[in-house]
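Top to bottom, those sequences are chains A, B and C.
Counting along the first sequence from 1, when you hit position 43 you're at 43 in the numbering used here, and nothing is skipped either side.
Counting along the second sequence from 1, when you hit position 213 you're at 1213 in the numbering used here, and nothing is skipped either side.
Counting along the third sequence from 1, when you hit position 451 you're at 2451 in the numbering used here, and nothing is skipped either side.
In case anyone wonders, no lab produced these hints; they're calculated from the structure.
Note that CB positions come from ideal geometry on N, CA and C, so glycine has one too.
It is possible that part of the hints are untrue.
What the hints assert, rightly or not - Simulated crosslink set (DSS-like; lysine-lysine; CA at most 25 Å straight-line):
hint	chain 1	residue 1	chain 2	residue 2
1	C	2262	C	2231
2	C	2405	A	46
3	A	25	B	1080
Unchecked claim - Computed spacing ranges between beta-carbons, pair by pair:
hint	chain 1	residue 1	chain 2	residue 2	range
4	C	2215	B	1109	31 to 41 Å
5	B	1468	C	2006	43 to 53 Å
6	B	1073	C	2370	29 to 39 Å
7	B	1109	C	2086	24 to 34 Å
8	C	2380	B	1116	31 to 41 Å
9	C	2070	B	1174	20 to 30 Å
10	B	1219	C	2123	50 to 60 Å
11	B	1468	C	2406	54 to 64 Å
12	B	1262	C	2042	34 to 44 Å
13	C	2041	B	1218	56 to 66 Å
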Amino acid sequence: HITTKHQAVRALATPFVRQMAREMKIDIEKVKGSGPAGRITESDLKQFKENDSFSREKAKQHDDK
Amino acid sequence: MVVGDFPIETDTLVIGSGPGGYVAAIRAAQLGQKVTVVEKGTIGGVCLNVGCIPSKALISAGHRFHEAQHSEDMGIFAEKVTVDFSKVQAWKGSVVKKLTGGVSSLLKGNNVDVVTGEAYFVDENSIRVMNDDSAQTYTFKNAIIATGSSPIEIPSFKYTKRVLNSTGALALEEVPSSIVVIGGGYIGTELGGAFASFGTKVTILEGTEEILSAGFEKQMAALVKRNLKNKGAEIVTKANAKGVEETDTGVTVTYEVKGEEKKVEADYVLVTVGRRPNTAEIGLEQVGIKMTDRGLIETDKQCRTSVKNIYAIGDIVSGPQLAHKASYEGKIAAEAIAGHSSEIDYLAIPAVVFSEPELASVGYNEKEAKEAGIEALASKFPFAANGRALSLNNTDGFVKLITRKEDGLVIGAQIAGPNASDMIAELGLAIEAGMTAEDIAMTIHAHPTLGEITMEAAEVALGTPIHIIK
Amino acid sequence: MVVGDFPIETDTLVIGSGPGGYVAAIRAAQLGQKVTVVEKGTIGGVCLNVGCIPSKALISAGHRFHEAQHSEDMGIFAEKVTVDFSKVQAWKGSVVKKLTGGVSSLLKGNNVDVVTGEAYFVDENSIRVMNDDSAQTYTFKNAIIATGSSPIEIPSFKYTKRVLNSTGALALEEVPSSIVVIGGGYIGTELGGAFASFGTKVTILEGTEEILSAGFEKQMAALVKRNLKNKGAEIVTKANAKGVEETDTGVTVTYEVKGEEKKVEADYVLVTVGRRPNTAEIGLEQVGIKMTDRGLIETDKQCRTSVKNIYAIGDIVSGPQLAHKASYEGKIAAEAIAGHSSEIDYLAIPAVVFSEPELASVGYNEKEAKEAGIEALASKFPFAANGRALSLNNTDGFVKLITRKEDGLVIGAQIAGPNASDMIAELGLAIEAGMTAEDIAMTIHAHPTLGEITMEAAEVALGTPIHIIK
Ligand SMILES: Cc1cc2nc3c(=O)[nH]c(=O)nc-3n(C[C@H](O)[C@H](O)[C@H](O)COP(=O)(O)OP(=O)(O)OC[C@H]3O[C@@H](n4cnc5c(N)ncnc54)[C@H](O)[C@@H]3O)c2cc1C
Ligand SMILES: Cc1cc2nc3c(=O)[nH]c(=O)nc-3n(C[C@H](O)[C@H](O)[C@H](O)COP(=O)(O)OP(=O)(O)OC[C@H]3O[C@@H](n4cnc5c(N)ncnc54)[C@H](O)[C@@H]3O)c2cc1C
């Protein structure tokens, strides 16, 4: 086959947003997209990161207790 | 032969200067690496010298020749149209030279060292480069292998002066009066089509049920077949080429079709049955790089081989053997070496055939979507209902959009028609951006342009096309 | 004249069947409305009959004629190339007929009633339609006005057999040996270019500093000018056309340039100095629809006029006088009537000139971005460095991408070059989708295609172009 697509079902985001996710060390497959057809935007990534560090922070506090 | 005693040091060593190698080298240099490219043949690799570029030049010249003779219905008459094939070849050569010269300047301009010779791995940090009268060792921190591929030779069709591979066919000095093409893949179809435009009697022998069967739909191949037939070509499918007898003036090719043995005579036979990766004679075994069972080099998402400072890109790794895939991987490898997070991360690679009409495809087609278990919708709109296509007097073709049923997400597109090669860009972008049929339908497309066909196909997907009755 | 006693009722009444009207009618019908279209001339309006389509057909035929004679450098020679202009016209007519016939069938297939005659408003719920021998009243719930525009006539150049507007120029029965074009906007440039391709001696008199100055950059106009000059055309800018003297065999046009009065003789003079909206004789005053001071109808984002059940679209409302803008508004109006939330909500309308090279523009250009106070970056890549353009032997042009400095957002693009009309589609979509230069650069574009020029322009924006030295 000379036409290929990478994977059947995967997170939807523009190439730049996918690159950003890699740079932010986010597994883009775990992010919920807010755009049409579930498209992930830059702000979805930021949101995800915030929630993520928030929950890690909380987990850490929990451990400390 | 003098063996250089002192190895030359470099950061990134690239083997091969095709669209994989030279792009990797430039990107690596842009990212601050000291780069050396080793090339045993000509700068630009297969693509620029004996592939993409010269084939498209011949196709364009053939197109001009054909069109000059066939514009009567538009009121344009040409009395006697002739080809001076040596001039065609000279022009083709000038195009190639401009591009390869350009690549050389780009490499120089980016301070990339270009070394002529054949590279052979010594160990994971050094290679030896051999040319006619010397050998020199180079040490490197990282290497990128981009040695490309070569035409497969089948035992019953050893290459000679009249049994040609694509390189030989591209170099012919006159328009052959007849040619047999073995293999109706995109290379055979393109070159066969170019010669048919010049008036050569072309016979294509294809082993499977259909030409262009890898990646293109039957409906698309059918348009190309009809066009080829109008130019006098004969296309024999399910044909098994058996052997060739060669005389001073031509060849007789024997083939079998439906259990019957047949013969066809021609000036030349062109064999285009596939290309094999150039991975056999570069000393990969010295470094223990893992291979797939098909002779390809195994790589990860960053184009890294099993040896962590050695990368491989282009025709020698898995995926379609296409120049733009090689270049894309070249950038990834160079960026990965620079420590960037770049990864092979495309949703779709376009594929184009410069036949008449042109064919272009990106992402899923109907069948592939079904096989992948996606509930998909195929929406088609013909060139014949488009004002621009009519005003170009070129209405043969269609745009077919493949969308996901649940939300209209564009997951693929197939285009057959004039300038399909230009039109596919929009759809590649749409797929990468995760756009829906609505997005395309609501984007204003200029009138009268071929892009309106794409817009209308999107409207067909939504059930509200303007220029077609549902 | 018999006046129908009984008014005929309809849901949505559309006045005019150009690309605004017929598209509105079809969309309204698709949404379940009972639709009547009134057309006083020919189905398809200006665009299909005497505008976009016939002009592009002439341009294509001229292109074929020219190319048949000028492919020697590629090795293709034609001994004697001739034009049978009556055949060109017959072919052009067949293209128009196919499209207008198509629109008629589409209207029929969507159960739209088509009425021939001139519509005149009686009140906000009825119009009278007059034709040669009868008049009939129609009542409607909603109306969409799409009466288009007509060529402006200047007093010193009254239209005659030799003083032509675009419609007259498109209908010429033979290739004129010479023509003077007054007005170097896109219509004058396109038609002048078509005749120049056929060998007519063309003189363009443009009042401002540059041809194509509305919307296209100097650099783009310069390429077109050079091409026109190569075809023997003369272009006089800052020229003030004063008057014309007509004889049986030709015209003498007087104009002033740099304070000097000059004269030029030709077979014909074509006046293309703009188009005025057809809003004067349709009884708008009967319903009290608000107009702008430029004679346009005022509308809101749903194309609604100051009278809430009457809509207006196309050349009679503000914005560029372009067919695709009319069609876009047609859909919005029809959807608004159906109660949808549709609104005029585009980021960019593309504009294309079918000159040689083709010009296409979408979104902001450099100057407009500056004027809008956007810190923008302009990134350019030439066709001459692209393999496809070289293999087409057609390298005149560039892609210029306008991105927002802060984040790389694509906000505009200008293309001059072969197939610019096809290439602009990708960039229109990129703008509507809010994509960045990175997105375009990271999307794989097929090799060798013109789309790679767009990709490279995006890489220029990022500072990492492969095929150009920074
Ligand atoms: C007729 C034809 C038409 C084609 N048309 C198209 C097309 O339209 N679009 C498209 O996308 N693709 C097309 N292709 C395919 C395209 O040419 C290849 O996919 C592309 O060239 C692969 O690039 P690459 O960098 O992997 O290798 P190549 O271009 O094959 O370059 C490899 C280079 O490595 C050098 N090399 C090999 N071994 C060594 C060594 N040991 N030491 C030093 N140097 C070495 C070779 O000399 C060569 O120059 C076409 C191919 C052919 C034959
Ligand atoms: C030579 C030329 C080339 C052009 N090329 C292009 C191009 O390449 N791309 C592009 O986008 N645009 C082009 N245009 C502009 C384009 O044609 C117009 O923008 C477009 O036609 C506007 O569409 P419309 O529906 O508003 O009106 P029109 O197409 O003008 O249609 C209006 C219709 O209304 C009818 N009408 C008027 N009054 C009444 C009445 N009272 N009762 C009944 N019917 C009535 C008229 O007969 C006419 O058929 C070109 C124009 C010209 C002249």
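Cross-check of the supplied hints:
1. Restraint check for residue 2262 of chain C and residue 2231 of chain C: satisfied, since their Cα atoms lie roughly 22 Å apart, inside the 25 Å limit.
2. This hinted pair checks out: residue 2405 of chain C and residue 46 of chain A have alpha carbons roughly 21 Å apart, not beyond 25 Å.
3. For a cut-off of 25 Å, the pair hint linking residue 25 of chain A to residue 1080 of chain B is broken: about 66 Å separates their Cα positions.
4. A hinted range of 31 to 41 Å holds for the C-beta pair residue 2215 of chain C and residue 1109 of chain B, which are about 35 Å apart.
5. At roughly 36 Å, the beta-carbon separation of residue 1468 of chain B and residue 2006 of chain C lies outside the given 43 to 53 Å, and the hint is violated.
6. A C-beta distance of roughly 48 Å is found between residue 1073 of chain B and residue 2370 of chain C, which places it outside the suggested range of 29 to 39 Å.
7. Take residue 1109 of chain B and residue 2086 of chain C: their Cβ atoms lie about 55 Å apart, and the range 24 to 34 Å is violated.
8. Restraint check, residue 2380 of chain C to residue 1116 of chain B: a C-beta distance of roughly 34 Å satisfies the suggested window 31 to 41 Å.
9. Restraint check, residue 2070 of chain C to residue 1174 of chain B: a C-beta distance of roughly 23 Å satisfies the suggested window 20 to 30 Å.
10. Against the hinted window of 50 to 60 Å, the Cβ-Cβ separation of residue 1219 of chain B and residue 2123 of chain C comes to about 54 Å, which satisfies the hint.
11. Roughly 43 Å separates the CB atoms of residue 1468 of chain B and residue 2406 of chain C, a value that falls outside the hinted 54 to 64 Å.
12. With their beta carbons about 57 Å apart, residue 1262 of chain B and residue 2042 of chain C fall outside the hinted range of 34 to 44 Å.
13. Between residue 2041 of chain C and residue 1218 of chain B, the C-beta spacing of about 44 Å breaks the proposed range 56 to 66 Å.
Hint compliance for this structure: hints 3, 5, 6, 7, 11, 12, 13 are broken, all remaining hints hold.
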